[in-house]
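Protein chains in written order, with numbering that gives the first Met the number 0: chain A, 0 to 350; chain B, 0 to 611.
Because the hints were derived from the structure by calculation, they are not lab data.
Ideal Cβ positions, reconstructed from N, Cα and C, are used throughout, including at glycine.
Be a bit skeptical, because a hint or two may be false.
Said to hold, decoys possible - Some but not every residue of chain A turned toward chain B, in silico, with C-beta under 10 angstroms: (1) Ile-59; (2) Ala-73; (3) Gly-87; (4) Thr-322.
Claimed, not checked - Derived PhoX-like pairs (lysine-lysine); straight-line CA-CA distance at most 20 angstroms: (5) A:Lys-344 <-> B:Lys-248; (6) B:Lys-400 <-> A:Lys-340; (7) B:Lys-446 <-> A:Lys-344; (8) B:Lys-423 <-> B:Lys-446; (9) A:Lys-276 <-> A:Lys-192; (10) A:Lys-206 <-> B:Lys-262; (11) B:Lys-253 <-> A:Lys-344.
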Amino acid sequence: MSFIAKPKVAHPSLPKNALGLTRRDYEGAMSTLCAGCGHDSVTAAITEAVWSLSLRPEQIAKLSGIGCSSKTTAYFVSGGHGFNSVHGRMPSIATGAIAANKDLYYIGVSGDGDTLSIGFGQFAHAIRRNINMLYIIENNGVYGLTKGQFSASADIGAKAKRGEENVQPPIDPVVAALTLGATFVARSFSGDKEQLIPLIQAGLKHKGFALIDVLSPCVTFNDHEGSTKSYSFVRDHYEEVVHADFVAPAQEITASYAAGEAMPVTMHDGSRILLRKLDPAYDPTRRGKAYNYLRDRLAQGEYVTGLIYIDTKSPEFHEVNGTTDTPINQLPYERLSPGSKGLEKILARYR
Amino acid sequence: MLQSAESQDRLNDFVIKLANVNGTGSASANTLLMKSIFRMGVPVMGKNYFPSNIQGLPTWYEIRVTRDGYVARSGRVDLMVAMNAETYAKDLKEVSPGGYLIYDSTWPRPALLKRDDITILGVPLARMCNETFQGVRARILLKNIMYAGVLAALLDIDIDVMRALLGESYANKKALLDSNVQALEMGYNYAKQHFACPLPLRVTRMDKTADYIMIDGNTAAALGCLYAGATVGVWYPITPSTSLMDAFKSFCQKWRVDPETGKRNYVIIQAEDELAAIGAVLGASWNGARAFTPTSGPGISLMNEFIGLAYYAEIPAVIFDIQRVGPSTGMPTRTQQCDILLAAYASHGDTRHVLLFPSNPEECFYLSVQAFDLAERLQTPVFVMSDLDIGMNDWMCPTLKWDDQYRPDRGKILSKEEVEKLEKFYRYFDKDGDGIPYRTLPGVSPKAAYFTRGSGHTQYGGYTEDSTEYQIVLDRLKRKFHTAKKLVPSAVFPRNEGCDIGVVSIGSCDGAVREALDLLARRGIHADYMRVRAFPFGEEVERFLAEHSLIFVVEQNRDAQFRSLLTLETAVDKSKLRSILHYSGLPMASTVIVDGIVAELGASPKRVAATR
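Whenever a hint applies, use it, and build me the whole structure from the sequences.
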């Protein structure tokens, strides 16, 4: 049996968030992934982020498709509903769920196979609709559960564990998201929680579709010499272009930054993300520039990370739809039915 | 002049067929004709045979004037309006002996239009239009209204009723109204001057439509969604289901917009494909909204994976399958009942689904509402198995009624208070012994949370690969399906007089079966009739099958899918079942059934007129 119930024991001295909950209250079932899997670090980062944001666990809905990455929604926030759907189709489940209740926080966890192959169409259309969710890709360039085939994010020349060389060009989810009009595009690395946790916080507070592509090495099938998604390769080839610090609404910005380096962005609920530009010439609010920068660096074999692009102005799905303020799954029936009088009026033209 | 016995016989009982070119605006003239007869209190049936095309291909419209209120095709054509030169030969051939053909004599066609046993009437429609109206488009459109005027004179249709209907259509377009009325009167006057009006086939006022409406099934189903309280509709456009969502959208724009804020109490999503459409329906239903998707066979094929997930993870969904001719793309604008087995067992693994079979727009309305209640009560997908004939044709049916006491049956959803009283919540546990577990909605309480998955799970909601744990859930799902038998709408028995012979059918076969049974009775052949309205089949279906020694199963597909389902899912002796199959793509005519039954009984004469 691969389902292991984790005993819940909380030490009284564990730190509590604003709701009086400890980190343990945001954990999920025991992970069944391989020891050292990058995905478990992402799970830990999500847990930390939602705890520190003091979200109520039941406000969180966790959605996924199929694959190693998609399993992880069981491993955090057991107090929130989870939905492990079918391969590549999580975005449509998310679209419907968000349509029904716009007041929850939706965290989608997917993989490179789930998003960039079987689910590429749904991924594109979720971006197009700008549905209000955080979409994390745990990207390792390889199919784990079927034992090591290349995925669509594998780089040309990358070597599989058994030596086979990948010959097809990769689909880069960040480049794709930028061209499709995504309103929040980030890349990170499972081994860098300093960078990842605030990105998750910012993504959750972003009103619209927030993508974080997390390079998350597969220790079993893609962590060897010749892989371009291994721990050592990513460590050597990643460059943070904009670091995001999350600042809660009541919190003050205390650290001091050199002029031109720090750039605060206010989110819809009053929280801010403070962007620290590590390359002063970079502007994360200019889509075209971000795209060019990214393509240049990719050509040099560099993974650009951090908050690559943000647009807080474009309306999300419900704003475009003009949906009523009450989540529509909570509208009383009386507001939905025209009643027998209404039916008489409707039928007049059919007589 | 005294009327002959024969002409009396044709009063309010004949068939008009109009052969047109699609994209020329003929639909409005044909609807005008049908609705005028309906307004005169005379029962009518209308069928549209249109191509999968926007402009230029042949299209036909059939109007049956039927004083007895039959709703199926009769198989006759008494008056053909031949407006499409390309199909003259075929249209001419189709007219029943003693019938009439009207054509545009602007271009005389003595060679083409040769038949001694029918009357051919020429009207120079194009010439009159060209002399009177300006603009190519107007001339083409008004030619149709002009032949409606000709028919008004020939058939004695009240031209004031027609004028009134035009007035309603063009209430805010005075110029259009004037030219339409002018064209109507020109046709009317031409016929009065040149022909002996009215013909023996003619319309006279009755009072048989007072409490009736003319509505198509897709519109009625959309109304059902509105009244069921559906708030999320997701679809990918596909003929012949598209008009269902079009209707839902227009009802929502009128009835679901907050008058103060202008905000919408609904969400309609045009998905990128049918996979996404059903996915979004499941996401919304999982999250507590009533959600549906209208589609047709090809869409169901694409949705299969998600349908299996909904079955196994127990998520409500309402799927409208407006069936069209398959296999593959088939004939998208023709009708069939060819998705019965596809829907009943959709998706891989052991799955069985609840199907409802409306037989007309009236039932589309009521069964749509019931579909949402059943989907939530049973926590499973429910298919409303309509078809193109029901969905896209205007049917005369009793006016729809609504009970203001109705409240949606949301099924076993635990509230925050209820769930917090529990020691622990188990999503897939059969507490009540009816196979239906309790569910919770996201956002309610950390105690309500569970993990929805399509992978193996225990009755407590955990992941499992344990054989026993897996089987406990799978067996419970079977019990749940058994419970469904008692909840779905039961079969109806329009005739049940203890005959040896039984007829069983579903959906849009109903009109043809009823008429066929009348015709057979006149020939001394009597049969009982059961119309099945849902799958799984209830006890009453078993009983009818057991009580009849020879059973005709009437359906619209080649492979006798409904008969197969009966043999798979009931104890019926297969050798008692005879199939009457119609799969031409056109709606069924009563003659198909009469001929089929007579032929079978002819082969075994001792059964004729056998009664208990």
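- Message: Let me make sure I understand: some of the numbered hints might not hold for this structure. Which ones are they, in numerical order?
- Response: Violated: hint 7 alone.
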